[in-house]
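Enquirer: As they're listed, the protein sequences go chains A and B. Mapping to the numbering used here: the first sequence position 34 is 34, numbers consecutive. Counting from 1 along the second sequence, just add 246 to a position and that's the residue number in the numbering used here.
List time: in silico DSSO-like cross-link candidates among lysine-lysine, alpha-carbon distance up to 27 Å: (1) B:Lys284 to A:Lys205; (2) A:Lys83 to A:Lys15; (3) A:Lys147 to B:Lys277; (4) B:Lys284 to B:Lys329; (5) B:Lys263 to A:Lys83; (6) B:Lys301 to B:Lys277; (7) B:Lys277 to B:Lys254; (8) A:Lys8 to A:Lys83; (9) A:Lys38 to A:Lys147; (10) A:Lys83 to B:Lys393; (11) B:Lys451 to B:Lys261; (12) A:Lys31 to B:Lys393; (13) B:Lys329 to A:Lys17; (14) A:Lys147 to B:Lys329; (15) B:Lys301 to A:Lys205; (16) B:Lys329 to A:Lys205; (17) A:Lys147 to B:Lys451; (18) A:Lys83 to B:Lys254; (19) B:Lys451 to A:Lys31; (20) B:Lys451 to A:Lys83; (21) B:Lys254 to B:Lys329; (22) B:Lys329 to A:Lys8; (23) A:Lys15 to B:Lys329; (24) B:Lys329 to A:Lys83; (25) A:Lys38 to B:Lys451; (26) A:Lys147 to A:Lys205; (27) A:Lys8 to A:Lys147; (28) B:Lys277 to A:Lys205; (29) B:Lys261 to B:Lys393; (30) B:Lys284 to B:Lys301; (31) B:Lys393 to A:Lys147; (32) B:Lys261 to A:Lys83; (33) A:Lys205 to B:Lys393; (34) A:Lys147 to A:Lys15; (35) A:Lys147 to A:Lys17; (36) A:Lys55 to B:Lys451; (37) B:Lys393 to A:Lys15; (38) B:Lys261 to A:Lys147; (39) B:Lys451 to B:Lys393; (40) A:Lys31 to A:Lys15.
What the hints contain is simulated information worked out from the structure, not anything from laboratory work.
2 protein chains.
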Amino acid sequence: MLSRAQIKYIRSLTKQKFRNESKLFIAEGEKIVLEWLKSRERINIIIGTSEWLTKYAKLVSMHAEATCHIVDESTLSELSALKTPNQVMLVIPIPEPSPIPMNDNWYLALDGIQDPGNMGTIIRIADWFGIRSIICSPGCADIYNPKVVQSAMGGHLRVTVYESNLVPFLESIPIPKIAATLDGRSAYGFERMKKGILIIGNESKGVSEAVLEAATDRITIPGRGGAESLNAGVSAGILCALLLPC
Amino acid sequence: MLSRAQIKYIRSLTKQKFRNESKLFIAEGEKIVLEWLKSRERINIIIGTSEWLTKYAKLVSMHAEATCHIVDESTLSELSALKTPNQVMLVIPIPEPSPIPMNDNWYLALDGIQDPGNMGTIIRIADWFGIRSIICSPGCADIYNPKVVQSAMGGHLRVTVYESNLVPFLESIPIPKIAATLDGRSAYGFERMKKGILIIGNESKGVSEAVLEAATDRITIPGRGGAESLNAGVSAGILCALLLPC
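Extracted from the complex, chain A is given alone in its bound form (with noise of 0.2 Å):
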């Protein structure tokens, strides 16, 4: 059971204000979770219906450090930030800032991407090409905003996410730097590289003049249909596929 005041306490971390005071989010959906409880990461409360609890009570074992709440599915769907019924959530601790490695093959640098979905999706797609770290710019969408998490697959697990003013981060490292622009050289022409840092602008204005001015290269995806652009997270897939390592 969860009283008022902690349902409230709970629903108030799918607000950024919140989470950044209690240093507390939540990754919820059945997936997800399951990710998280199969990881070492510490985890601050699991609620869950009672029959999911029962199905998955080694794995819950497994973090005592936890606390569990059994509620009915009404709570959770009081809870949740999706519009899909649920099973389990978890409140989990942000974890500390950490300095940005600087010896990663590849990076992502996003520069002022806005949509959750968005950058959910680019957190998955480091994920599955094995890129670890993402540089976002002040500004960015919030990485622990529910549709982020949601987005991510359980990306967060594997993929660490900076914040960093991109200029002085760009010209600390001496790898190519490409910014996928509408205007640079078809990404049909580039070799796949060892090392580099994929920069993404914002979703309507692209990458900032600063930024371009730090990168090395100007990189467009050849479009031959009638779309103006192609959404963020599909440019840096594209991209990723293309340019790194096979």
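With the hints as your guide, set chain B onto chain A.
Expert: Below, chain B without anything else, positioned relative to chain A:
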């Protein structure tokens, strides 16, 4: 001005049932609305703030067939399916179904794509790569769902989406049929092809068994990270970038 009954009627178009009955759908968001206004496609109703309609009076006047309503922003936000504030929206007739053209070079076939965001993203990808026909299995997300229209970014104007059982469609065209799966040949080992049908499966179940049997190839985007899969829209984008002629 709009009457309460008109507001109720337009709001009802956010629901598939009412769209099917009235054969009308909503397009909103300035960029998308401008694309529609610039096209020669028929528009039934234009609803905008006085400021917006004045700014684009010339474009609006090209659509003499449309009824024009001046409303305030609060009425627009009442009508809107979007969270972000809006200046204008359109009510547009759903085109009559037409037979699938059999001589396109490339097609996308979607086997149970459920998420409206993915559906819209895939229409936008087709539009970017110049694919004019998408064949959806019965039960895919409705392409006139406001979220689909939003994320397709005007793609509906250039890409036609057909509903058909996929197996007979695939069997009717003698070109390569490449299904995206998690156990196929590496996408990096495929040559670009002049013609083909790229098959993208359901977000959690993938391509169904019967459709896989009708395919000529299975293709996989190699991953080196920890993610279980890539988002359906991102996969479609990557495979278009790798398979279509450059």
